[in-house]
Amino acid sequence: MNEIIKAEHLEKVFGDQKAVDNLSFTVHRGETLGLLGPNGAGKTTTIKMLIGLIKPTRGGAIIGGYDVQENPIEVKELFGISPQELSFDHHLSLIEDLYFYVRLYGLSRKEAKERVKETLKWARLENHAEKIGYQLSGGMQRRLLMARAMVTDPPILFLDEPTTGLDPQARHALWDYILDLKERGKTIILTTHYLEEAEMLCDRVIIIDYGKKIAEGTPDELKHILKVENIVTIKPRNSISQRVIEEIKEFTGVEDAIWHDSSLKIYLKDEYVLELIISLILTDAGILEMDIKRASLEDVFLHLTGKELRE
Amino acid sequence: MKMIRALKAITITFERELYDFYKNLFHYSLRSLLTPTLYLLVIGIGLGSMVDMSDDVSYIQFLIPGILMMTTAQVTHLHLGFEVLAARTYEKYLELLTMVAPIRPYEAVIGYILTGVMIAIFNVIIFLIPIYIFFHTIFVSLPLLLLFTVGLGILFSATGFSAGIYFDDPHHMSIVNSLVITPLSFLCGVFFPLDLYPEQIRLLVELVPLTQAIEGLRGNGILLFQVGYVWLTAIIAVVLAIVIFKRKMII
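Keeping their order, the protein sequence lines are chains A and B. Those letters in the first sequence? Residues 1 to 311, per my numbering, in order. Those letters in the second sequence? Residues 1 to 251, per my numbering, in order.
Check the hints yourself; a few may be wrong.
As the list claims (entries may be wrong) - Distance condition first, Cα-Cα at most 25 angstroms in a straight line; then the derived SDA-like pairs of lysine to any residue:
1. Lys-92/B with Asp-153/A
2. Lys-113/A with Leu-7/B
3. Lys-92/B with Glu-130/A
No lab work stands behind these hints: they were computed from the structure. If you're wondering where the values come from, they're calculated on a predicted model, not measured in any experiment.
Please model the entire structure based on the sequences and the hints provided.
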């Protein structure tokens with residue numbers, strides 16, 4: 001069975017608000033699926049339904065062949081989770097924290113001690129083993145959550161916004177751990193509102209907004225939704241006339257051109273018109289700054305939802 | 001196989017919580033020693049010298065069963081209540097240990113309540129050591145003391161656990177303590193005989209399991225009924241704690 005997670009018509013209603021709306025997807029063994037969306041899109045609620053912490057209003061999920069609602073213990077033995085919120089006991093050191101946690105999975109005292117030692121080494125936290133979670137830096141705390149998810153060596157990992165609150169350097173460092181987990185063949189569901197993160201780490205991405213799936217595919221497939229190769233942003237010296245903008249829109253290699261925030265954003269299907277566009281704008285308004293980039297998931301998100309990802 | 005897994009889950013929860021308790025043993029020992037000793041000194045020895053007991057029981061002898069049971073109720077309720085509330089709302093740790101890990105809700109609740117029972121027994125022992133040193137007796141029957149301590153330990157661990165799960169705000173926890181636990185403690189005949197109450201109030205006070213435990217330990221009333229009553233209310237409280245836990249933790 002290649003399919004290890006199957007969510008069917010998941011729906012959750014809180015009061016009069018639909019947090020998740022008819023969400024179906026599958027995840028294959030060894031695959032990393034990204035759930036991408038702004039805060040409040042329903043990503044964490046989806047994860048909590050998959051691990052049995054929230055009862056779906058409708059629909060259900062099968063993990064490793066077990067129904068999440070019917071066989072919670074069998075399902076829980078298959079996954080580890082790095083939750084969005086930091087969670088530490090105030091009295092237990094890292095080594096004690098992981099030891100008692102892993103023993104809940106049926107490991108003997110000896111096995112538990114060995115497994116904890118290995119995991120702390122993997123997370124490069126062995127020198128902090130006697131500290132309490134709160135005494136660690138932000139990046140180390142996130143690594144501890146990751147270590148806790150990994151300590152039972154489960155086939156499935158739920159990483160719920162694993163890099164939230166980290167500075168770019170710590171975020172990139174954490175990505176290396178996630179890439180290592182991918183290499184070890186783990187099946188991962190990763191929620192994030194960082195598009196760069198989804199692009200970098202995920203084999204497949206589901207974009208969610210207001211609890212609904214609005215797109216699904218590999219990062220490359222999703223980028224092709226836009227039907228553009230490059231996006232050129234030009235900040236002119238003077239205001240570009242509406243006539244020139246309309247003229248640019250009419251070029252065959254141009255998908256769209258939008259004037260926004262004192263800049264003109266041009267979605268290019270073909271690059272050959274670029275020189276023509278530049279000379280046109282140079283003559284009309286002059287050019288102060290120019291930026292050319294490949295279309296990203298961020299542009300896809302903007303295109304699909306009409307808004308930027310909210311923090 | 002399922003039974004073995006369940007027993008392991010309960011034991012590990014119990015072991016973890018007990019270890020957590022052990023790491024703060026000094027503070028908890030002070031707590032268990034200070035409050036009852038103050039009651040004994042101020043009320044037992046101070047005010048007690050002005051009390052004339054009608055039968056051949058000294059006031060100290062009368063007071064000790066009440067103080068033992070009252071502090072057992074208070075300590076277990078407060079300990080479990082704040083432990084669970086902090087783990088759930090502040091440390092965000094409870095969900096992980098009781099819901100994400102492969103453990104059933106009832107196993108987690110029983111593990112916590114067993115810890116409460118151990119704390120109740122610890123509380124009684126810590127207080128009885130100086131009593132024995134000063135008076136060369138503990139004034140109560142040891143088997144009865146164990147029966148009532150465990151019974152009340154289960155009951156008030158379950159009430160504390162339920163409160164810690166139910167309330168999200170620590171202030172609400174202290175309101176429960178001020179409005180329920182403290183008045184119950186003082187009304188249950190700890191400091192004076194129940195005969196002094198008007199009949200209707202006495203009937204109400206006798207409904208409280210703490211009253212039955214104190215009276216049972218003093219040798220007043222029907223012992224079998226008193227033990228049965230305390231244990232029955234304890235079992236009901238545990239069932240309620242499991243129901244509250246499941247409803248609160250699984251949305």
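### Task
Please work out if Lys-92/B and Glu-130/A have their alpha carbons no farther apart than 25 angstroms.
20 angstroms, holds
### Task
Compare the distance between the alpha carbons of Lys-92/B and Asp-153/A with 25 angstroms, and conclude whether the hinted pair is satisfied.
23 angstroms, holds
### Query
Taking only the CA atoms, is the gap from Lys-113/A to Leu-7/B under or equal to 25 angstroms?
Roughly 21 angstroms between the alpha carbons, so the hint for Lys-113/A and Leu-7/B holds.
Hint compliance for this structure: every hint is met.
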